[in-house]
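Asker: Sequence order for the protein chains is F and R. Under our numbering, the final residue of the first sequence carries the number 437; numbering is consecutive throughout. Under our numbering, the final residue of the second sequence carries the number 309; numbering is consecutive throughout.
By construction, these hints were calculated from the structure, which means they are not laboratory data. Heads up, some of the hints might be wrong.
Residues from chain F that keep clear of chain R, each with C-beta distances beyond 10 Å, as calculated [to be verified]:
| no. | residue |
| --- | --- |
| 1 | F130 |
| 2 | K142 |
| 3 | S305 |
| 4 | Q360 |
Straight line, CA to CA, 20 Å or less: simulated SDA-like cross-link-like pairs of lysine to any residue [unchecked claim]:
| no. | chain 1 | residue 1 | chain 2 | residue 2 |
| --- | --- | --- | --- | --- |
| 5 | R | K49 | F | N3 |
| 6 | R | K176 | R | N188 |
| 7 | R | K124 | F | N3 |
| 8 | F | K94 | F | S108 |
| 9 | F | K9 | R | K176 |
Remember, predicted model here, so these are calculated numbers, not experimental data. From the three backbone atoms N, C-alpha and C, an ideal C-beta is built for every residue, glycine too.
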Amino acid sequence: MRNSWLLAKREIRERIGSRSFLFMSIFGPLVILLLGYLLFTYGGEGKQHWKVLIADPTGIMDNKILAKEDGMLTYAFADSYIEMEEFRDAQQFKSFDAMVEINEKVLSNKTAFVFFRQKPSVRMQTHLQFQVERRIEEVMIKRFTKLSVRDFRKIKQPLNVAFRNVYDPMDEASDMRAWAGFFFGCIIFVFIFLFGMTVLRSIATEKTNRIVEVLLASVNPRQLLSGKIIGIGLSAFIQFAIWIGVIGVGMFVMRLYVFPDLFDASNFELLQNGDGVQSSIMEYNEYLNLVFERLQFGNLLFFFSLFFVGGYLFYAAFFSAIGASSGSESDGQQFVIPIILLLGSSVLAGYYTILNPESQLAGWFHYLPFTSPVTVMVRLTQGYGPGEGYQIWLALFILLSSSFAMLFVAGRIYKNGILQFGHRLRLSLLFKWFKRS
Amino acid sequence: MLEIQHISKSFGRKPALSDVSLEISEGEIFGLLGPNGAGKTTLIRVVNKILEPDSGVVRLNGEILTERHLAQIGYLPEERGLYRSMTVEAHALLLGQLRGLSNKQSQIQLDLWLEKFQITDWKKKRIEELSKGMAQKVQFICTVLHDPKLLILDEPLSGFDPVNIELILQELREMKHDGKTIILSTHNMKSVEEICDRAALIHQSKKILEGKVADLQQERKKGDYAVRFRGNMIAFVNALWTGFELVEKEILGDDRFIAKLKMRGENSFEDLLRVLIGQVQIEAAWEVLPSMQDIFIEMVTAEKEVTHA
Chain F
1 MRNSWLLAKR
11 EIRERIGSRS
21 FLFMSIFGPL
31 VILLLGYLLF
41 TYGGEGKQHW
51 KVLIADPTGI
61 MDNKILAKED
71 GMLTYAFADS
81 YIEMEEFRDA
91 QQFKSFDAMV
101 EINEKVLSNK
111 TAFVFFRQKP
121 SVRMQTHLQF
131 QVERRIEEVM
141 IKRFTKLSVR
151 DFRKIKQPLN
161 VAFRNVYDPM
171 DEASDMRAWA
181 GFFFGCIIFV
191 FIFLFGMTVL
201 RSIATEKTNR
211 IVEVLLASVN
221 PRQLLSGKII
231 GIGLSAFIQF
241 AIWIGVIGVG
251 MFVMRLYVFP
261 DLFDASNFEL
271 LQNGDGVQSS
281 IMEYNEYLNL
291 VFERLQFGNL
301 LFFFSLFFVG
311 GYLFYAAFFS
321 AIGASSGSES
331 DGQQFVIPII
341 LLLGSSVLAG
351 YYTILNPESQ
361 LAGWFHYLPF
371 TSPVTVMVRL
381 TQGYGPGEGY
391 QIWLALFILL
401 SSSFAMLFVA
411 GRIYKNGILQ
421 FGHRLRLSLL
431 FKWFKRS
Chain R
1 MLEIQHISKS
11 FGRKPALSDV
21 SLEISEGEIF
31 GLLGPNGAGK
41 TTLIRVVNKI
51 LEPDSGVVRL
61 NGEILTERHL
71 AQIGYLPEER
81 GLYRSMTVEA
91 HALLLGQLRG
101 LSNKQSQIQL
111 DLWLEKFQIT
121 DWKKKRIEEL
131 SKGMAQKVQF
141 ICTVLHDPKL
151 LILDEPLSGF
161 DPVNIELILQ
171 ELREMKHDGK
181 TIILSTHNMK
191 SVEEICDRAA
201 LIHQSKKILE
211 GKVADLQQER
221 KKGDYAVRFR
231 GNMIAFVNAL
241 WTGFELVEKE
251 ILGDDRFIAK
261 LKMRGENSFE
271 DLLRVLIGQV
281 QIEAAWEVLP
291 SMQDIFIEMV
301 TAEKEVTHA
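Between the sequences and the hints, there should be enough to build the whole structure, so can you do that?
Answerer: Right under this line is the structure:
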C-alpha cells in the first residue's frame, strides 16, 4: 500500500504540475459559468407577442389587467370555467397562445396557472407573471387591506404562477431538474473520458520509455496499476473540487450581483420604482430558479462522487488494460474507439431517461455499469418514488462490483502485457494475457 | 548469496530459460553473457521477481526469494527509462522510497552519490534537460541509492564515454571490495575480463558455460604465443625455422612488430626465446590466452552448428 501511495502521489504531482491541469481548472469552470450566464439571460427565447385568455369565472380581476396596451401581451377575459383540454382543443380558443386560470382560491393559496401551447420565452413569462401578479395585488389590497400598494408590496408574499404545457401538463418531457442531473452526468462523462485517457497515455508512455521495468523491480504490477489509477483519479477529484469551488463562487456572485432572485423579498423593493419588468435583473428565469432554489446540491454532489468513483474505476480498468497491452505508444487506438463509444452511450442513455423515465429500457440503463453513472444522476434529480431509494444503492453496488471485476481482469492483462514490446495489439492477445496467471 | 536452481520459463511454446542453475557467491562480480535473445534478461527478471518462473527456485542467502527481498537488490535494466518531466532529486527520492528507504534516508544517500560523482548541481535539473550520458549516471545512482547487497546491472556501460566507463568500473570494484555481489550482464567482453571473477554463458535458453574467467581462458588456450620485438622481420622468420609457425603479424612501425606463433613438435616457450635472442630485440613475449570475446564466439558458433546438425 505504501508503494501504491508513493506512486499515486507522483501521479498527482505530475498532473497538478502540468499546464493542461491548470488550464482546465480555470477554463472549464469559466466555460460552464459563461454557458450558465447565457442560459440564465437568454434561455427559452420564443414568440415575441402573445394573445392571452384570462379565465376568471368569479370576476376577481374585474376584466382589467393593464392600464394601457402592452407590446408583448394582448389579453382577453372569459367569465366561465375553461378546462385545460377544452382550451387546448376547442376551435374558438385556437387563436390564444395561453390561458391564465384565476380561480376563486387564488387570493388564499396565491397560485395561478398558465397553460401555454408553445413554451414562452423567459421575457414573456416574466411579463405575464409580473402583470398578473400586479393585478392580483391590487385586488387583494382593495379587498383586504387599507394599505397603500407600496406598503403592501413590502410585506406581501409572492404569487406562485405555475406554467403548464397543455400538451404535457405533467411536464414529464422537459423536467428541468432532470436536465440538471443530465448535466452532472455529462460532467462525469467528461471527467471519466479525460482522466481515463490520461491513464491510458501514462501507462503507454511508461511502457515505451521503459521506466516500467525499473518500477516493476520494486513494486508488483498490481501496486503499480493501483497507484496509477488512484493517483490519476485523485487528481481528477482535485480538479473537480476546484471546478466546484470556482463555479460555486461564480454562481454566488451571479446571484448577488447579476441575477438577484425576483422572489426574494429583500430584492422586491426594486420593483417599486419605474417599470422593473424592463430591467434584466428583475426577470424571473426558470433556470435561475432551478439552480438556486430547487436543486439539492449536497445530495447531488454526494452521489456524483460515488458514481464518479465507480464509473472512473470501471472505465479506467479498460483504458489501463489497453495501455499496458499496446506494442507502441500509438498502438491500441482501434480499441479506444469502442470504449469511447461505450462511454458515449452512457450520455445517450441519460438523454433517453429524461424523455422516458418510466420505460423499461431506462430501468436497465440505471443498473448497467456502462450507463449508470450518467443515468443515475438523471434519475436522482427526477426523484425516486417512495420505497425506491434502494435502487440507487443497488445501482452503485452493481457499478462498484463490476469495477472491481474489471480491475481484476485489467490487472491480469497489465501484469502479462506490460513487458511485451514491439507487437501489434490484437484482441486475441488480450484474451491470452488474461488467461495467463 | 544467490542460488538459481533449475529455472525454466517459456513464453507460449518458446522456451526462454531451460533448466538454468547458477550459484553466485557474496562479494563476487559475476558476468552473465550470451547473444541477444539468449534468455539473460528473462533470467534477470526472474531474479527481480518481475517474472515468475514456470519451475525452479531462486534463493537469496538461503531463503526463497520473495518481494520483501527486493529491497536488498538493485537493478539497472538494459532498456532503462526515467520520468522525463521529473527532477533528478524527485526521481531518485521516489525510487529510493520504493526500495524501502525513508524520504530522509533517500535524501542523504542521494547527496552522497551526487557529491561522489561531482554532479551536485544536477539535483534540481529535470531529466529532460540532461544528456544521454548524464541520464545514465542518474540511473546508476538510482540503482545503488538504497545500498543493495546484490546489484544486477544489464549493460551498465552502454552510453558512457571511456572516462565514465572507467568511473563506473572503479565504482563496481569498490562495491565488490565492500562485499557487494554484482551480476553484470554485458556484451562488453573487455570489461568482463577486467572485473568479473566468474562468468556464465547462456545461449538459446540454456547455460552452456560457467566458471572463473581465468579458468575459462586457461581451459581454452591453444598453445599460441606472442612476441613483441624490434628488428628485421625476415631475420625473425628465419630464426623460427621449422620449430615454430608464424600465425599472424602486426606492424607497430619503426621496425617494431608483434608476431603470433604456434609451437611445432616438442618445442617450448623457452626454446622460442632461445632461437630469437640475438636475432631480434625482444621487448615482450607471452602466452596468448583466448579473449572472452573469442570464447563467446567459439561457444555460440559451436552450439549453432550442433543445433543445425
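Asker: So, for every hint listed, does it hold in this structure?
Answerer: Tested hints:
1. Against the 10 Å criterion, F130(F) stays outside the reach of chain R, whose nearest CB is about 58 Å from its own CB.
2. No Cβ of chain R approaches the Cβ of K142(F) within 10 Å, the least distance being about 75 Å, so the stated non-interface status holds.
3. Once the 10 Å rule is applied to beta carbons, S305(F) is consistent with being away from chain R; the minimum gap is 29 Å.
4. Distance check for Q360(F) against chain R: the nearest CB is about 46 Å away, which clears 10 Å, and the non-interface claim stands.
5. The suggested pairing of K49(R) with N3(F) holds, with an alpha-carbon distance near 16 Å, which does not exceed 20 Å.
6. This hinted pair checks out: K176(R) and N188(R) have alpha carbons roughly 19 Å apart, not beyond 20 Å.
7. A threshold of 20 Å between alpha carbons decides the hint, and for K124(R) with N3(F) the separation of about 23 Å lies outside it, so the pair is violated.
8. Our distance criterion of 20 Å between C-alpha atoms is broken by K94(F) and S108(F), whose separation comes to about 31 Å.
9. Taken as a hint, the K9(F) and K176(R) pair is broken in the structure, with Cα atoms around 36 Å apart against an allowance of 20 Å.
Checked against the numbered hints above, the structure breaks hints 7, 8, 9 and satisfies the rest.
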